[in-house]
Amino acid sequence: QKEVEQNSGPLSVPEGAIASLNCTYSDRGSQSFFWYRQYSGKSPELIMSIYSNGDKEDGRFTAQLNKASQYVSLLIRDSQPSDSATYLCAVNMRRGGADGLTFGKGTHLIIQP
Amino acid sequence: DTAVSQTPKYLVTQMGNDKSIKCEQNLGHDTMYWYKQDSKKFLKIMFSYNNKELIINETVPNRFSPKSPDKAHLNLHINSLELGDSAVYFCASSQYYRQNTEAFFGQGTRLTVV
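As given, the protein sequences belong to chains A and B, one line each in that order.
Those letters in the first sequence? Residues -7 to 105, per the working numbering, in order.
Those letters in the second sequence? Residues 5 to 118, per the working numbering, in order.
Keep in mind that the hints were calculated from the coordinates and are not lab data.
Bear in mind that the values here come from a model prediction, so they are computed numbers and not experimental data.
Hints may contain errors.
[To be verified] So the derived list for chain B, only partly shown, Cβ under 8 angstroms to chain A, looks like this:
(1) 45
(2) 59
(3) 94
We put the beta carbon where it would ideally sit given N, CA and C, even for glycine.
Isolated chain B (complex conformation):
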C-alpha cells in the first residue's frame, strides 16, 4: 500500500494546455509539499500545505496553483503550460512542518511539454 501516491506518472501535453497532478498520502501526516526536479536533477521546493493551509509559497509562476481539499490530498494545477515546465514533479509529506520531521516522497510525475 503506497504511502504517498501521485497520478499520473507520466504526462505529455502541448504548450498552452492546462493540466493537473494529484497526490494522496495515507501516512496521517499534516504537511504536504510539491517539489520540482529539473533536467539537471536539482530538487527544489515549490509549495507546502499544513492541514489544508498554504505555509510555503516559493517564487513560482502564478500559473501554478496548488489546492488541498483535505490534509491527505494536495493537487497541483498548471495553466498555460510552457516548454520550461517540463520536469519531474514530486509530492511529499511529513508529520509536521517544523524541524526534525522526515519527508517521504511519492513516485513522481514526469511532465513533458511539447
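Chain A extracted, bound-state conformation:
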C-alpha cells in the first residue's frame, strides 16, 4: 500500500514563530512532492512543489526534501493568523502506467495571535 503519512495535529504555533510541518512517504520511486493548503470548506491550493533533494524557498515558505529518508517538510516563517489551515502533503506515485497524487491526511495548523 503506497502511503503518505502526516501528523494530523492540531499544531499550534504563536504568531511570528516558525511552523514546521512534516511528511513521510512509502514509495521510493516518487519524484515529485507538493504542499497544498486547504481552508475549511475550500479546495486545496498549491503552495509549494519540490523535485530535488534539499531546500526550496518561496517567500515565507521553505520546502525540504530528503529522498533517502523519504521525508518532506514545510517551514512557514513569520507565521500569520491567515496561515491557519490544513496543510496537505502530496506525493506523485505510480499507478499502473500513470502517476497520480497520493495525499496525506493533512496537518491542521493553528496560528495563535
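Given the coordinates of chain A, work out where chain B should sit on it, guided by the hints.
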C-alpha cells in the same frame, strides 16, 4: 476566469437516485482527475484521464462512471446513490500525467445523500 470549474457546487439527493457532476478546465492541460474527500478530510484519487483516455481507475464501485468528451471536460456520473457516497468531490487538472507536474483543483462539489 476560473481555471478548473465544477458544477454544481452543492448537490442534495435521495438514496437510489442517479446524479452527475461536471468539470471543465481552461488551462490547456492534458490530464484531469476526480478526487473524493470524505468526512475525515482524507483526499483520495478516484480516476484520471489523459487526453480523453482513462489512465487511472482506483478501486471505486462501478456505480461511478467518469466520461471525458474532450480533454477540457471530465464528468462524473453516479448511479444508485448510497449514503456512503456523501463527500466532497474535487476535479483537478495537470499538464501531463507523469512526474513533476502540478495539479490544480476545482472548487469542489459537496454531495449529500439523504
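Hints, one by one, checked against the model:
1. Hint status for residue 45 of chain B: holds, given a least beta-carbon distance of 6 angstroms to chain A, under 8 angstroms.
2. For residue 59 of chain B, the suggested interface contact is upheld, since its CB lies about 4 angstroms from the closest CB of chain A, less than 8 angstroms.
3. Nearest Cβ of chain A to the Cβ of residue 94 of chain B: about 6 angstroms, under the 8 angstroms cut. The hint holds.
Of the numbered hints given earlier, the model fails none.
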